[in-house]
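So the sequence lines, in the order shown, correspond to chains F and B. Using full-length UniProt numbering, the first residue of the first sequence is number 1, and each one after it goes up by one. Using full-length UniProt numbering, the first residue of the second sequence is number 1, and each one after it goes up by one.
Rather than coming from a laboratory, the hints here were simulated on the basis of the structure. Treat each hint with caution, since some may be false.
Within a straight-line C-alpha distance of at most 30 Å, the following computed DSS-like cross-link-like pairs (lysine-lysine) qualify [unchecked claim]:
#: 1; chain 1: B; residue 1: Lys324; chain 2: B; residue 2: Lys23
#: 2; chain 1: F; residue 1: Lys121; chain 2: B; residue 2: Lys58
#: 3; chain 1: B; residue 1: Lys121; chain 2: F; residue 2: Lys23
#: 4; chain 1: B; residue 1: Lys23; chain 2: B; residue 2: Lys372
#: 5; chain 1: B; residue 1: Lys58; chain 2: F; residue 2: Lys324
#: 6; chain 1: F; residue 1: Lys372; chain 2: F; residue 2: Lys324
#: 7; chain 1: B; residue 1: Lys121; chain 2: F; residue 2: Lys58
#: 8; chain 1: F; residue 1: Lys23; chain 2: F; residue 2: Lys372
#: 9; chain 1: B; residue 1: Lys99; chain 2: F; residue 2: Lys58
#: 10; chain 1: F; residue 1: Lys99; chain 2: F; residue 2: Lys58
#: 11; chain 1: F; residue 1: Lys121; chain 2: B; residue 2: Lys121
#: 12; chain 1: B; residue 1: Lys324; chain 2: B; residue 2: Lys372
#: 13; chain 1: B; residue 1: Lys58; chain 2: B; residue 2: Lys121
#: 14; chain 1: B; residue 1: Lys121; chain 2: F; residue 2: Lys324
Per the computed footprint, the stretches of chain B lying under chain F, defined by three or more beta-carbons under 8 Å from a beta-carbon of chain F, are [claimed, not checked]:
#: 15; region: 40-51
#: 16; region: 165-178
#: 17; region: 358-372
From the three backbone atoms N, C-alpha and C, an ideal C-beta is built for every residue, glycine too.
There are 2 protein chains.
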Amino acid sequence: MAQRVLTPQAEDFPRWYQDVVAKAEMAENGPVRGTMVIRPYGYAIWERMQREVDDRIKAAGAQNVAFPMFIPESYLQREAEHVEGFSPELAVVTHAGGKELEEPVVVRPTSETVFGEFMAKWIQGYRDLPLLLNQWANVVRWELRPRVFLRTTEFLWQEGHTAHASEADATAYALRILHDVYRDFMVEVLGIPVLVGRKTARERFAGAINTLTCEAIVGDGKALQMGTSHELGQNFSRAFDILYLDADGQQQHAWTTSWGVSTRMVGGLIMSHGDDDGLRIPPRLAPTQVVVVVVRDDAGCLERGGALVDELRHAGVRVVLDDKVSVSFGRRATDWELKGVPVRVEVGPRDLADGVVTLVRRDLASDNPSRKQTVGLDQVAAAVATALEDGQASLRRQAEEHLAARLVDVEDLDSAVEAAATGAARIPWALVGDAGEDRLAAEGVTVRCIQRPDGTVPASADEPDLVAVAARAY
Amino acid sequence: MAQRVLTPQAEDFPRWYQDVVAKAEMAENGPVRGTMVIRPYGYAIWERMQREVDDRIKAAGAQNVAFPMFIPESYLQREAEHVEGFSPELAVVTHAGGKELEEPVVVRPTSETVFGEFMAKWIQGYRDLPLLLNQWANVVRWELRPRVFLRTTEFLWQEGHTAHASEADATAYALRILHDVYRDFMVEVLGIPVLVGRKTARERFAGAINTLTCEAIVGDGKALQMGTSHELGQNFSRAFDILYLDADGQQQHAWTTSWGVSTRMVGGLIMSHGDDDGLRIPPRLAPTQVVVVVVRDDAGCLERGGALVDELRHAGVRVVLDDKVSVSFGRRATDWELKGVPVRVEVGPRDLADGVVTLVRRDLASDNPSRKQTVGLDQVAAAVATALEDGQASLRRQAEEHLAARLVDVEDLDSAVEAAATGAARIPWALVGDAGEDRLAAEGVTVRCIQRPDGTVPASADEPDLVAVAARAY
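With the rest of the complex left out, here is chain F (with noise of 0.2 Å):
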């Protein structure tokens, strides 16, 4: 049995998230209130997502630019929504080269502002267009309330920002990059079943005339907003003139879209798969697929532990060698718990005798006998390739079932909030609307999102049998 290194998820959610971040040495709080530290661990974590989002990105057909992260505070005032609703977030540079400045300088808390002025330059006529854009930077918005990934001062995160020929055009491709990027993304790779829809009108960014977003209902039944692709119409392209001129000579104003994913879903990845003895990745996000543990220095255990690392590196795995046997083995074993590793071999003398290694599977259950397997020495690569396949897709089924458990259809607004209680309701549209929403949010909680009832993503907020799904949100 091994002993108790976090606060059971049971016992108290949040907590166990904050014990498994810092036992798994995933981040910290930073000097600065509300920003973090990303270690090694967790930051390896985020460049496999990364790696996987630009690749769908690039298949968008987007190509990456970098703005700067200064902005004059003049270009947010341009868009009326849009400064209202950043104005309490923002960090504001008032000097700089040891002078005061003329015009103070935000740090960007997204980047619509800048994009625009630039593509108002670049965009001449239609065939300028789209234009596709994308950019990996850090944004600052000043939290009061912060919590590590899901909620910090300054996050990491890509910012798309698009201009189409047509209203037609920019909601096709905002629908795209839900689709195509995000969600396939987070259901293939992270394993998580995100719900999709539009956000209602009070959810929606500050300056858009749609939102789209992906929703995770994570260990605890609360929702986490995983990703958001914004129609933003023509209320930049008026704000900043992105004109061009059409096929007919005449000048017009083009359609925009934002979207994007941050660190926060690295706190989604933590509560949706994380168990009590830790984190749990699935294997195809995974920066070390399979750790090969010696047991002990002798009895050829180190010569076969490394002869199995290189065998499995040849085989494409991202595999690493554990050799140090100057630290208990049963400690050794529950670090790579808490880190969530998808496969352990242990490579330990008795074993060896008898020809075999034992392999641990994370995904299952620490009681589950299965877990566990022994595997013949000129089996490991054939196992390891079929128990990589099988923790996906037990990462993903298991989280599934999750929600399938935590999302309950109601017919009316108290049951709504009893099912927030403990994960997220189904309702009718129709019987909530703005006053249902505010009713809703007198007992904290939110509509994530309308749906049709095959949980595809309506095309108007009026499209007759919608549903909201409500829930209590991080």
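Fit chain B to the known structure of chain F by using the hints.
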């Protein structure tokens, strides 16, 4: 004869540089003084640099992390030389979240101080050493005379920070980064024959006991510092209490290093290889190695062009198709020359009738007859592979010849100043010294580095027979 699109280098090199940055769509000035917007083509080049440098950093054992960009002002003040060196360049956030901050925070100009604070927490015993960390980040140093890529208020870089148990280990690691990461990348991938050496005391990083550098001698004969690796001694470990218990149970201060390369390398690339027709990107770096240009949309040109792109991509070549036949062929050829794509494959109806295409190498001058060759359709992949290999070697050879022509051995300070009008001077370090540096500085010339006579890095500035490389610098 192509029309003139750039100011010729011989006429006005800085103007040529500005022209090519703009016309090749690499970058533009941002809205806040000294900042830049890196456009897709410039950013793709930076992404390739990042990948190559990051691979080498990881091979040197360092792990990536992310520290916050906001640093409490008090941190900087703890190391005397450091705060003195950076104070004039700081950007300061005084207001955030709608309030004045109790303690202003600075936007990191570099992160020694905040790494120091956390290394002190993470390091307990000698087994925790060496601690090898790196981050890819943006930093801010307020610039009075900004120049895109070379000197900008905000720039992108990597900064490595390491802690070691002994001075010898720190020294060896700083050298390893200089040689195996920076010089190897710059010579083998960028094709730039950088000079390596030590900085003089006055040119050192603020807070370092030794600064190692890679210096390029670019097109106009000026020097450009391309990357630096610093030994920080125990200065930061004393300021931040980075202590460890040695094997005898004694508390010791660690020895730290820091090292970085930045988007300035993009400027170095442009100025090292560019010519009067535009950029010339070395094939190993180029985000686009080959462009297949369809001359007209008849006679099967489009189909053949598409098939060639598929074939080359399958062979692992980074290739794009240019089928914009609505734009004149000449204009498109000029644009690809400007962007410096290493190889152009032109697919035209007359050539196709003969079963051939035309292959053009960008590394050779426009009046060099061998830059164009006619290649049979079944020989394109092989010819492209050869052209990419030859192009890489040829750009490096041209840069080596340029360096040999511009680097002059001299025996007195007057001759050094004279040589620095068109290039760099190698002068016995014993003839320079502190007074000589004053004398050179009065003429706008600095000692870029001190080397052994064979061009290797000396262990100290007191070795006999050292030479100083003196030049004007960006």
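A quick look at each hint next to the structure:
Among the hinted pairs, Lys324/B with Lys23/B is consistent with the structure: their alpha-carbon atoms are about 19 Å apart, no more than 30 Å. A distance of roughly 40 Å separates the Cα atoms of Lys121/F and Lys58/B; the hinted pair therefore is violated under the 30 Å criterion. Restraint check: the Cα-Cα separation between Lys121/B and Lys23/F comes to about 14 Å, which is no more than 30 Å; the hinted pair holds. For the given pair, Lys23/B sits about 24 Å from Lys372/B by alpha-carbon distance, which is consistent with the 30 Å threshold.
In summary, the hint linking Lys58/B to Lys324/F is supported, as the alpha carbons are separated by about 21 Å, within the 30 Å threshold. The hinted pair formed by Lys372/F and Lys324/F meets the criterion: a straight-line CA distance of about 22 Å does not exceed 30 Å. Annotation: proposed proximity of Lys121/B to Lys58/F is violated, straight-line Cα distance about 40 Å (limit 30 Å). Between Lys23/F and Lys372/F, the direct Cα distance comes to roughly 24 Å. Compliance with the 30 Å bound is thereby established for this hinted pair.
The suggested pairing of Lys99/B with Lys58/F is violated, with an alpha-carbon distance near 40 Å, which exceeds 30 Å. For the hint pairing Lys99/F with Lys58/F, the CA-to-CA distance comes to about 42 Å; that exceeds 30 Å, so the pair is violated. Of the pairs offered as hints, the one joining Lys121/F and Lys121/B is violated, with about 49 Å between alpha carbons and a cut-off of 30 Å exceeded. Of the supplied pair hints, the one linking Lys324/B and Lys372/B holds, its CA atoms being roughly 22 Å apart against a limit of 30 Å.
About 23 Å separates the Cα atoms of Lys58/B and Lys121/B, which keeps this hinted pair within 30 Å; it holds. A C-alpha spacing of about 22 Å is found between Lys121/B and Lys324/F, which places the hinted pair at or below 30 Å, so the restraint holds. Check result for the region 40-51 of chain B against chain F: holds, 5 residues qualifying (beta carbon to beta carbon below 8 Å, three or more required). Here the region 165-178 of chain B counts 0 residues with a CB under 8 Å from a CB of chain F, which misses the bar of 3, and the coverage is violated.
Chain F is given as covering the region 358-372 of chain B, and this is violated because 0 residues of the stretch bring a CB closer than 8 Å to a CB of that chain, at least three being needed.
This entry does not satisfy hints 2, 7, 9, 10, 11, 16 and 17, going by the numbered hints stated previously.
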